[in-house]
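2 protein chains.
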Amino acid sequence: MNSDKQIIAVDVMGGDGGIPLMIKGIEFAVKLFPSEIGELVLVGNEAAIQEQILRCKATFRHKDVKIYNASQAIDMAEKPMHALKNKKDSSMFRAVDLLREKQVAGILSCGNTGCLVAGGTLKLGVMPGIDRPALATVIPAPTNHFVLVDVGANPATSAKSLVHNALLGTLYYKAAIDPQKDPRVGLLTIGTEEGKGSETICTAHEMLKKINGEIRYCGLIEGFQLFGGEIDVVICDGFVGNILLKAIESLAGTIKNYIKAEMKKNLLRMLGAFLASGAFRAMKRDLTADKYGGAPLLGLNGIVVKAHGSSSVEAVAHALRLTFRLSKMNGEQFLNNRIEKINLLIE
Amino acid sequence: MNSDKQIIAVDVMGGDGGIPLMIKGIEFAVKLFPSEIGELVLVGNEAAIQEQILRCKATFRHKDVKIYNASQAIDMAEKPMHALKNKKDSSMFRAVDLLREKQVAGILSCGNTGCLVAGGTLKLGVMPGIDRPALATVIPAPTNHFVLVDVGANPATSAKSLVHNALLGTLYYKAAIDPQKDPRVGLLTIGTEEGKGSETICTAHEMLKKINGEIRYCGLIEGFQLFGGEIDVVICDGFVGNILLKAIESLAGTIKNYIKAEMKKNLLRMLGAFLASGAFRAMKRDLTADKYGGAPLLGLNGIVVKAHGSSSVEAVAHALRLTFRLSKMNGEQFLNNRIEKINLLIE
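Line by line, the protein sequences are chains A and B.
FYI, the numbering for the first sequence is 1214 to 1560, going by this note's numbering.
FYI, the numbering for the second sequence is 1214 to 1560, going by this note's numbering.
Careful, some of the hints might be misleading.
Treat identical chains as interchangeable: a pair holds within one or across any two.
Said to hold, decoys possible - Here are the simulated lysine-lysine pairs, BS3-like style, with alpha carbons at most 25 Å apart:
1. 1422 to 1292
2. 1237 to 1541
3. 1279 to 1336
4. 1497 to 1270
5. 1478 to 1497
6. 1497 to 1473
7. 1315 to 1387
8. 1244 to 1423
9. 1373 to 1298
10. 1554 to 1497
11. 1541 to 1244
12. 1336 to 1473
13. 1279 to 1541
14. 1279 to 1478
15. 1497 to 1459
Worth flagging that the hints you see were computed from the coordinates, not collected in a lab.
Using the sequences provided together with the hints, build the complete structure.
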């Protein structure tokens, strides 16, 4: 195996749905995106994987799929330090090992975020010029879907890391949303007047103005601007981003469930909901994050994509496609060309 | 005038709707809550206020309403330091002066938040034992509306201030939502395992466990728990809270507008929306923040309530009721009884 052949390793033990859901997700990906999904290495308990492939009569048996046995699994509550010490033969870390040894071009895991960040950073190392990796995700909005970065890899960030996030987010936008567009980047804060917000924010704002041209920096933005279609890449530290992401997902889900429940309260409403069902289908289509599915851990020497522990079959399929796309787009070169120049400009 | 008579001063120059909207809001309050609205002092341009009262034939002319003339107004983009120096006779600062001189029991303003925080803190001073004031607000959710504190008064907070926010938020919950309930308090972070999150969060968590009993502390919470009905008072720093509040409001508005637009796309959907209109009315009733309206600036020597610059007539009316309620509930005594004890426990 070598990375030119675009082989992706999938940690099939992570995720709340276990092996069955991961296998279904992979199968769905092969069906939805036959031209984009290349070779796969499924990492986990070999017997269980074999059994599941047979059980669900997975069509991808015909494709080039290998299994790499790993005797351990990392659970969702496990602490990174404990896992690094005691779970050397876990599916997640074995997948990372395959990437480090360049046997695969990228990895996908739905497992424990903290362990993936710690294991990925330690085993792969960060790219030259970058201090810390960042987790990026796509937030769906009616006018334009946007990238939010960092959503949890680096909670106590520096101004320089925020600037790097702008570059990493730009790369991810091109991979996940639109390769042709130079996305508009905004720095999230609590007031857009110059000098407002923390010292870190103010310093990052000055740095970002300096590197405008390398990326398309549009200035400071506030929370109420997120969904207005003005910005394509939103930068923040991992503490704010993680809380924001979870709150946004939770609120959207809450509103959806609320409407569903209200629509079922009497026959008249049920009829109304039936007649207007096109609107709800449109909403499901436009405002779901499932078609992005993965949150790449950017800035490492290698493509690492994290998908939600609670990913649906569709989300796993899209996350797998994203992993192949990121592997193919040669993000390393995109970053290498810019990161040194940016660091010179801001130092 | 003295504060026992429950007189509230209203800065009628702040807010995007200007004097007309404020006057309408006050009139609406008198109509909706005749037993709760006491005496009022309207602070601003006397001639303009008189004219507006006559123009809209405000019924509260019959109530005990005084006008206090102020020659200046603070606009929304004005910086606090500039305003403090140059806008001594502004409606906002004159209202604060009336409160400091105990001529009124509380004030309401829809004006510039930064100026109100700065002017309020400087002129009134913080309560003994409290380091910094905090802005609190109510977020509507289907199962339970909850208090979020701080939403912007204190962006770079300390562990001790977070603990004080828990107490201030508890007080506000009792004033705005349910006087009989001891609200469940949660500290917002990015992972609920012990030791996760920033040092400030970890220290505050330990302190909050120590004062459990004085308030009802339920532990660390994550963004996805906000809307699940588990917590009544959510504590965070003003940077996170401000971004979160604005993002939540923006997302809720975005989804509402999206559904509206989709429902109007063809006749079938319009009929469906008409039949199901009860569901949308329920949503408007259950998920609006208008009936809270105000965000009190808590922890000062005096009741200061800030309402949105873009407040509706209904929001102004509810914010005014809140100002009277906070003035009547003797929050100072509630806090005085607890703050010294709490500070001893956590130091």
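Hint check results:
1. Within a single copy, residue 1422 and residue 1292 get their C-alpha atoms only as close as 38 Å, which misses the 25 Å cut-off; across copies the closest is 22 Å, which meets it.
2. In this assembly of identical chains, residue 1237 and residue 1541 lie within 25 Å of each other by CA distance solely inside one copy; the values are 24 Å within and 61 Å between copies.
3. When the C-alpha separation of residue 1279 and residue 1336 is checked against a cutoff of 25 Å, the pair qualifies only within one copy, where the shortest distance is 23 Å, while the shortest distance between copies is 72 Å.
4. For the identical chains of this complex, residue 1497 and residue 1270 are neighbours neither inside a copy (29 Å) nor across copies (48 Å), given an alpha-carbon limit of 25 Å.
5. With identical chains, the CA atoms of residue 1478 and residue 1497 are at most 25 Å apart both within one copy (21 Å) and between copies (16 Å).
6. For the homomeric pair residue 1497 and residue 1473, the shortest alpha-carbon distances inside one copy (13 Å) and between copies (15 Å) are both at most 25 Å.
7. For the homomeric pair residue 1315 and residue 1387, the shortest alpha-carbon distance inside one copy (24 Å) is at most 25 Å, but the shortest distance between copies (60 Å) is not.
8. Taking the closest pair of Cα atoms, residue 1244 and residue 1423 never come within 25 Å of each other, the shortest separation being 45 Å inside a single copy and 56 Å across copies.
9. In this assembly of identical chains, residue 1373 and residue 1298 lie within 25 Å of each other by CA distance neither inside one copy nor across copies; the values are 31 Å within and 36 Å between.
10. Taking the shortest alpha-carbon separations for residue 1554 and residue 1497, neither the intra-copy value of 42 Å nor the inter-copy value of 51 Å comes in at or below 25 Å.
11. Proximity of residue 1541 to residue 1244 under the C-alpha cut-off of 25 Å is restricted to the intra-copy arrangement: shortest distance 20 Å within a copy versus 66 Å between copies.
12. Proximity of residue 1336 and residue 1473 under a CA criterion of 25 Å is satisfied in neither setting, with 46 Å inside one chain copy and 50 Å between copies.
13. In this assembly of identical chains, residue 1279 and residue 1541 lie within 25 Å of each other by CA distance solely inside one copy; the values are 20 Å within and 72 Å between copies.
14. Proximity of residue 1279 and residue 1478 under a CA criterion of 25 Å is satisfied in neither setting, with 50 Å inside one chain copy and 49 Å between copies.
15. For a Cα distance limit of 25 Å, the shortest separation of residue 1497 from residue 1459 qualifies both inside one copy, at 18 Å, and across copies, at 24 Å.
In the structure shown, a violation is registered for the earlier hints numbered 4, 8, 9, 10, 12 and 14, in ascending order.
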